[in-house]
Each structure stands twice: as C-alpha cells, then as structure tokens.
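Using this note's numbering, the letters of the sequence shown map in sequence onto residues 1304 to 1413.
A couple of the hints might just be wrong.
Claimed, not checked - No farther apart than 16 Å at their CA atoms in a straight line, the calculated lysine to aspartate or glutamate pairs in the EDC-like style are these: (1) Lys1309 with Asp1404; (2) Lys1392 with Asp1407; (3) Lys1388 with Glu1323; (4) Lys1346 with Asp1306; (5) Lys1389 with Glu1342; (6) Lys1333 with Asp1371; (7) Lys1346 with Glu1323; (8) Lys1388 with Glu1342; (9) Lys1309 with Asp1353; (10) Lys1345 with Glu1323; (11) Lys1388 with Asp1371; (12) Lys1388 with Glu1402; (13) Lys1346 with Asp1385; (14) Lys1389 with Asp1407; (15) Lys1370 with Asp1355; (16) Lys1370 with Asp1353; (17) Lys1309 with Asp1398; (18) Lys1389 with Glu1311; (19) Lys1392 with Glu1406; (20) Lys1399 with Asp1353; (21) Lys1345 with Asp1306.
To be verified - Listed next, with one range per pair, are the computed distances between beta-carbon atoms: (22) Phe1359 with Gly1313: 19 to 25 Å; (23) Cys1338 with Asn1358: 21 to 27 Å; (24) Gln1330 with Thr1411: 18 to 24 Å; (25) Asp1404 with Ala1343: 15 to 21 Å; (26) Thr1366 with Ala1386: 28 to 34 Å; (27) Asp1355 with Gly1376: 24 to 30 Å; (28) Arg1356 with Lys1401: 29 to 35 Å; (29) Ala1374 with Val1334: 15 to 21 Å; (30) Asp1306 with Lys1370: 19 to 25 Å.
I should point out that these hints are in silico values taken from the structure, not numbers from a laboratory. For clarity, every value in this text was computed on a predicted model and none was experimentally measured. From the three backbone atoms N, C-alpha and C, an ideal C-beta is built for every residue, glycine too.
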Amino acid sequence: MLDIHKREVGTVSVLSLNGELDLDGAQNLKVCLTCLFQEATKKVIIDWTDVDRINFASLQMVTRPMKDLLANGPMAFCGMSDAVKKSLKTVPFFDKIKEFDSEDRALTRL
C-alpha cells in the first residue's frame, strides 16, 4: 500500500510517498502524475524517503506519466534508499531526473 501526500511549495508540486509501490499504489501514483501533467505543472519533486520497496511491474505503470511530466519541466527525486534508487535506475530516462538527498535541498536547487 502506498500513501501519497501532495502539496504545493511555491511553484513546485511535492509528492511525498509512504509505503510500498505495489500495483494499487502505482495506479494511484499514475493518476496523481497524470493530473499534474494535465495541469501543466512545471516542477515536481517526488520524495521517496518513506518508500520501503518498489515492485518492478508497478514501476512500469508510472514510467509514462513521469516521462510526460519531464516534458513540462524539471523533476527531482529525493530521499531514495539504495534499494529504491537501484529500482528507479531501471527507468530509461533516470539520468534526466535530478537527485537530491533531501526535499529541502531539492526545493532550493530545482
């Protein structure tokens, strides 16, 4: 189960994730990312600090909306554990996503 908390910090949309990116959670994240794209959101930070693990099939479900959002503007990931980062590195465009240790650092650099 994945909980998603969305908030706006200035011009940046921040998604804080909590739990496991399983199939249900991926569907919810996909909807959230698609809405951000449709709203023409320019800057997005996804905070992975409280994500326990990522199911590979679930990650595939959210790859397209992430790629779409990158077309609008910069995206950053923060708070990735080594295991989460290893999974996220399988995303073909991972090198286009900025990486930060913390949300605060991402907010100041994005």
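Here's how the hints hold up against the structure:
no.: 1; hint: Lys1309 with Asp1404; in the structure: violated (19 Å)
no.: 2; hint: Lys1392 with Asp1407; in the structure: violated (22 Å)
no.: 3; hint: Lys1388 with Glu1323; in the structure: holds (14 Å)
no.: 4; hint: Lys1346 with Asp1306; in the structure: violated (21 Å)
no.: 5; hint: Lys1389 with Glu1342; in the structure: violated (30 Å)
no.: 6; hint: Lys1333 with Asp1371; in the structure: holds (11 Å)
no.: 7; hint: Lys1346 with Glu1323; in the structure: violated (24 Å)
no.: 8; hint: Lys1388 with Glu1342; in the structure: violated (28 Å)
no.: 9; hint: Lys1309 with Asp1353; in the structure: holds (14 Å)
no.: 10; hint: Lys1345 with Glu1323; in the structure: violated (26 Å)
no.: 11; hint: Lys1388 with Asp1371; in the structure: violated (20 Å)
no.: 12; hint: Lys1388 with Glu1402; in the structure: holds (10 Å)
no.: 13; hint: Lys1346 with Asp1385; in the structure: violated (24 Å)
no.: 14; hint: Lys1389 with Asp1407; in the structure: violated (22 Å)
no.: 15; hint: Lys1370 with Asp1355; in the structure: violated (23 Å)
no.: 16; hint: Lys1370 with Asp1353; in the structure: violated (23 Å)
no.: 17; hint: Lys1309 with Asp1398; in the structure: violated (24 Å)
no.: 18; hint: Lys1389 with Glu1311; in the structure: violated (28 Å)
no.: 19; hint: Lys1392 with Glu1406; in the structure: violated (19 Å)
no.: 20; hint: Lys1399 with Asp1353; in the structure: violated (23 Å)
no.: 21; hint: Lys1345 with Asp1306; in the structure: violated (23 Å)
no.: 22; hint: Phe1359 with Gly1313: 19 to 25 Å; in the structure: violated (34 Å)
no.: 23; hint: Cys1338 with Asn1358: 21 to 27 Å; in the structure: holds (22 Å)
no.: 24; hint: Gln1330 with Thr1411: 18 to 24 Å; in the structure: violated (32 Å)
no.: 25; hint: Asp1404 with Ala1343: 15 to 21 Å; in the structure: violated (29 Å)
no.: 26; hint: Thr1366 with Ala1386: 28 to 34 Å; in the structure: violated (18 Å)
no.: 27; hint: Asp1355 with Gly1376: 24 to 30 Å; in the structure: holds (29 Å)
no.: 28; hint: Arg1356 with Lys1401: 29 to 35 Å; in the structure: violated (23 Å)
no.: 29; hint: Ala1374 with Val1334: 15 to 21 Å; in the structure: holds (18 Å)
no.: 30; hint: Asp1306 with Lys1370: 19 to 25 Å; in the structure: holds (24 Å)
Consistency with the previously given hints fails for numbers 1, 2, 4, 5, 7, 8, 10, 11, 13, 14, 15, 16, 17, 18, 19, 20, 21, 22, 24, 25, 26, 28, ordered from lowest to highest.
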